[in-house]
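These are the residues of each chain, in order.
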Amino acid sequence: MKNNSINFKRQVTIKLADVKLQSALSRLQSRFVEGRAAVISEISDFEETRTAAAAIRDRVLNDLEHWLMHFEQQATARGAIVHWAETGADVNRIVAEIAVQHGVRTAAKSKSMVSEECGLNDALELAGVTVMETDLGEYILQLAHEAPSHIVAPVVHKNKEEISDLFAEKHQLPRKTGIAELCREAREILRPAFLNADMGISGANFLVAETGSALIVTNEGNGRLVTTLPRVHVAITGIEKVVPTLEDVTTLLRLLPRSATGQSITNYVSVLTGNKNKDDHDGPEHFHIILLDNGRSSLVGSEMQEMLRCIRCGACMNHCPVYQNIGGHAYGWVYPGPMGSILTPLLGGLEKSPDLPNASTLCGACAVVCPVKIPLPDLLRKLREKQMERGMKSRRETFMLKAWAWLALHPPVYALATKFGVRAMSLLGGKNKLLHTLPGASGWTDGRDFPAPEGLTFREIYQRRNRQ
Amino acid sequence: MRVGFFVTCLVDSMRPRIGFAAIRLLEAAGCEVIVPEQQTCCGQPGYNSGDRKSAKAMALKFLAEFEAFDYVVLPSGSCAGMIRVHYPDLCKDDPALLARCIAVGARTFELTDFLANIAKLKKMPGTFQGALTYHDSCSGLRELDVYKQPRALLASMPGVAINEMVESTTCCGFGGTFSVKYGELSTRMADNKCQHIAATHAGTIVGGDLGCLLNIEGRLRRNGDSTTRVMHIAEVLAGTEK
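Respectively, the protein sequence lines represent chains A and B.
Just so you know, the working numbering puts 241 at position 240 of the first sequence, and the rest follows in order with no gaps.
Just so you know, the working numbering puts 194 at position 67 of the second sequence, and the rest follows in order with no gaps.
Hints are not guaranteed to be accurate.
Derived pair list, reagent style DSS-like, types lysine-lysine, alpha-carbon separation capped at 30 Å [said to hold, decoys possible]:
(1) 180(B) / 383(A)
(2) 159(A) / 188(B)
(3) 353(A) / 183(B)
(4) 403(A) / 308(B)
(5) 249(B) / 374(A)
(6) 177(A) / 10(A)
(7) 180(B) / 374(A)
(8) 275(B) / 277(A)
(9) 308(B) / 10(A)
(10) 21(A) / 308(B)
(11) 420(A) / 219(B)
(12) 420(A) / 188(B)
(13) 353(A) / 180(B)
(14) 394(A) / 308(B)
(15) 249(B) / 387(A)
(16) 387(A) / 180(B)
(17) 383(A) / 219(B)
(18) 383(A) / 188(B)
(19) 3(A) / 308(B)
(20) 308(B) / 432(A)
(21) 394(A) / 180(B)
(22) 383(A) / 308(B)
(23) 403(A) / 275(B)
(24) 180(B) / 420(A)
(25) 219(B) / 374(A)
(26) 219(B) / 394(A)
(27) 403(A) / 250(B)
(28) 10(A) / 383(A)
(29) 434(A) / 188(B)
(30) 374(A) / 247(B)
(31) 387(A) / 219(B)
(32) 387(A) / 250(B)
(33) 383(A) / 249(B)
(34) 420(A) / 275(B)
(35) 10(A) / 180(B)
(36) 188(B) / 353(A)
No wet-lab data here; the hints were simulated from the structure.
Remember, predicted model here, so these are calculated numbers, not experimental data.
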């Protein structure tokens with residue numbers, strides 16, 4: 002997927018004015034924030050579980066090569082074929098080659114954000130393979146030619162009426178309005194796609210090293226159909242998703258659905274191990290697992306490694322006051338919200354996403370809810386430090402920061418500067434004690450007045466009183 | 128106990144009365160309050176903008192000025208959080224310095240946290256009649272666990288009724304330089320906060336961080352609300368000066 006995060010600021014303006022989007026986003030709070038809060042209370046040792054989950058992820062990341070090799074060995078021993086992809090283009094090439102090898106004409110796909118990184122659907126279409134998204138949200142987006150705006154609820158930016166219109170137009174059927182009717186219509190169209198597909202494409206929430214399994218958590222059942230019905234199954238995921246044991250996965254699974262959708266458990270948890278043996282009743286004849294790097298390995302051992310703990314639950318964006326007001330598309334690439342504001346610059350280049358690390362108040366709501374305790378605000382700040390070190394900040398900002406620091410380190414000058422500064426601002430505030438414009442700070446005064454200072458600084462008054 | 132009072136740069140220049148209110152509260156709690164005269168800024172603006180070097184210089188300045196006190200108190204959760212949580216990060220490469228940061232950090236408190244948990248102030252010097260609503264500023268809440276302390280202090284005042292707003296713990300959109308760099312976004316977040324405040328019909332919005340209060344007040348006034356009072360919690364607890 003093309004990285005459009007350079008246009009973040011322009012997108013913010015558009016998204017804040019988008020009435021439909023704003024109404025759709027207003028539902029995030031009740032659906033995800035309150036849903037999560039209600040369901041985490043089921044776990045009496047929730048904080049300890051978070052700590053344990055973070056430790057499991059760190060154990061893997063501190064020895065990633067070992068666990069990946071172990072995974073490959075176990076997966077291969079059970080009949081899967083493991084492929085290593087350095088870039089998204091490599092993933093696309095590998096999937097296209099598998100398609101040619103097995104004479105694949107059509108593919109049914111369950112949700113995979115990693116495939117969005119690669120732009121897989123477009124690449125497969127070019128290679129002559131018809132791809133059908135089967136996750137309801139992703140199917141809607143495929144019809145609308147739009148990208149997901151959330152990693153768990155990809156179509157959260159659309160309301161029901163838009164989907165009714167879209168289905169009526171694309172399916173050429175009478176317009177339905179009820180959710181059940183709309184789902185039934187989608188199901189009737191998707192069912193033959195599952196049955197006719199030569200290839201099933203899925204992601205993987207976790208890779209289990211001890212069994213060589215790919216594990217997916219889904220709610221609609223499409224994931225299970227896609228991974229078992231077609232004769233070829235291709236699972237695509239990032240190299241960081243490996244977990245040592247099934248026991249470790251159970252710890253992570255206590256947190257993932259609760260953090261993501263406010264569910265104690267998802268409707269389906271599928272552990273996909275090896276290809277179909279002669280005694281098996283179902284399963285794919287060929288099972289390929291493609292592991293994408295795309296910059297991830299460069300984070301191992303760096304000060305940004307904690308980002309690789311991420312299990313893609315989306316809680317950080319659900320709780321982010323910035324995401325809640327602009328939605329996911331404004332971020333310009335696959336991953337939105339706080340995790341995206343870190344991953345996009347790390348995987349796609351800091352110079353292409355200058356705003357993302359800065360467009361946060363560092364309020365910390367994301368870090369509090371992250372199930373694997375990623376210190377997201379600290380990582381955002383580290384990216385800001387990199388921008389500073391590499392001279393990527395504007396000259397104006399750098400000057401302001403240096404000037405402020407110099408003043409703060411020279412108290413007598415500081416006292417003088419603030420003394421005259423606050424007097425001037427106080428006078429400008431007039432009798433309402435409000436400044437309607439402030440030179441150099443239109444970002445503030447375009448939408449807010451600036452309350453005027455009292456007129457004397459604390460230190461002036463304090464010194465005066467002490468003298469008396 | 129000898130308390131070093133860190134006024135904070137924002138209170139120093141914008142609202143001195145908050146600083147004096149805080150001192151009255153500390154004195155009411157039996158503290159000897161000292162205000163080091165060379166103090167300026169805790170370094171947070173630079174730190175959060177990626178300017179680690181100057182932030183560290185300010186951390187060293189702070190250590191030199193405040194290390195000697197029994198306690199350090201600030202009328203701001205974000206500046207107290209800077210000292211307690213982030214100074215150790217700035218000094219992590221120097222073990223001796225790190226130890227000093229951690230030691231002074233452990234004695235550094237946000238005002239209401241100090242009054243409620245350390246000084247255990249029972250009777251507030253001020254009086255307040257009516258309903259108010261409390262906004263939880265992010266750093267105090269999430270870095271220092273300041274949530275119950277201001278509410279307990281306010282509840283101890285006979286005339287006060289606390290009307291809780293929805294999402295009191297959601298960021299108001301201030302975020303330091305964020306409020307200027309991403310003005311539109313910041314304004315929208317402030318607007319959401321203003322709506323939640325209005326829905327309480329409290330008439331007074333109280334908080335513990337001046338940055339957030341200026342942001343909220345700025346949006347209220349621009350929206351034409353000239354009556355909702357915006358007060359720092361120190362002003363409420365200490366009352367107005369005679």
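Hint-by-hint comparison with the structure:
1. 180(B) / 383(A): holds, 13 Å
2. 159(A) / 188(B): violated, 52 Å
3. 353(A) / 183(B): Cα-Cα ~29 Å, so holds.
4. 403(A) / 308(B): Between residue 403(A) and residue 308(B) the Cα gap is close to 17 Å, so the pair holds against 30 Å.
5. 249(B) / 374(A): violated, 37 Å
6. 177(A) / 10(A): Roughly 37 Å separates the two Cα atoms, so the pair is violated.
7. 180(B) / 374(A): Distance ~27 Å between residue 180(B) and residue 374(A) Cα, so the pair holds.
8. 275(B) / 277(A): This hinted pair is violated, its Cα atoms lying about 58 Å apart.
9. 308(B) / 10(A): holds, 10 Å
10. 21(A) / 308(B): Within the cut-off at roughly 26 Å; holds.
11. 420(A) / 219(B): Violated, at about 35 Å.
12. 420(A) / 188(B): It holds: about 21 Å lies between the C-alpha atoms, which stays within 30 Å.
13. 353(A) / 180(B): holds, 25 Å
14. 394(A) / 308(B): holds, 12 Å
15. 249(B) / 387(A): violated, 47 Å
16. 387(A) / 180(B): Within the cut-off at roughly 12 Å; holds.
17. 383(A) / 219(B): Holds, because 14 Å separates the two Cα atoms, which is no more than 30 Å.
18. 383(A) / 188(B): holds, 23 Å
19. 3(A) / 308(B): holds, 25 Å
20. 308(B) / 432(A): holds, 28 Å
21. 394(A) / 180(B): Status holds; Cα separation ~15 Å.
22. 383(A) / 308(B): holds, 18 Å
23. 403(A) / 275(B): violated, 38 Å
24. 180(B) / 420(A): holds, 26 Å
25. 219(B) / 374(A): Holds: residue 219(B) and residue 374(A) sit about 20 Å apart, inside 30 Å.
26. 219(B) / 394(A): Distance ~25 Å between residue 219(B) and residue 394(A) Cα, so the pair holds.
27. 403(A) / 250(B): violated, 44 Å
28. 10(A) / 383(A): holds, 21 Å
29. 434(A) / 188(B): violated, 34 Å
30. 374(A) / 247(B): violated, 33 Å
31. 387(A) / 219(B): Holds, at about 18 Å.
32. 387(A) / 250(B): Given that 30 Å is the threshold and the Cα spacing comes to 49 Å, the pair is violated.
33. 383(A) / 249(B): violated, 42 Å
34. 420(A) / 275(B): Distance ~36 Å between residue 420(A) and residue 275(B) Cα, so the pair is violated.
35. 10(A) / 180(B): holds, 28 Å
36. 188(B) / 353(A): violated, 37 Å
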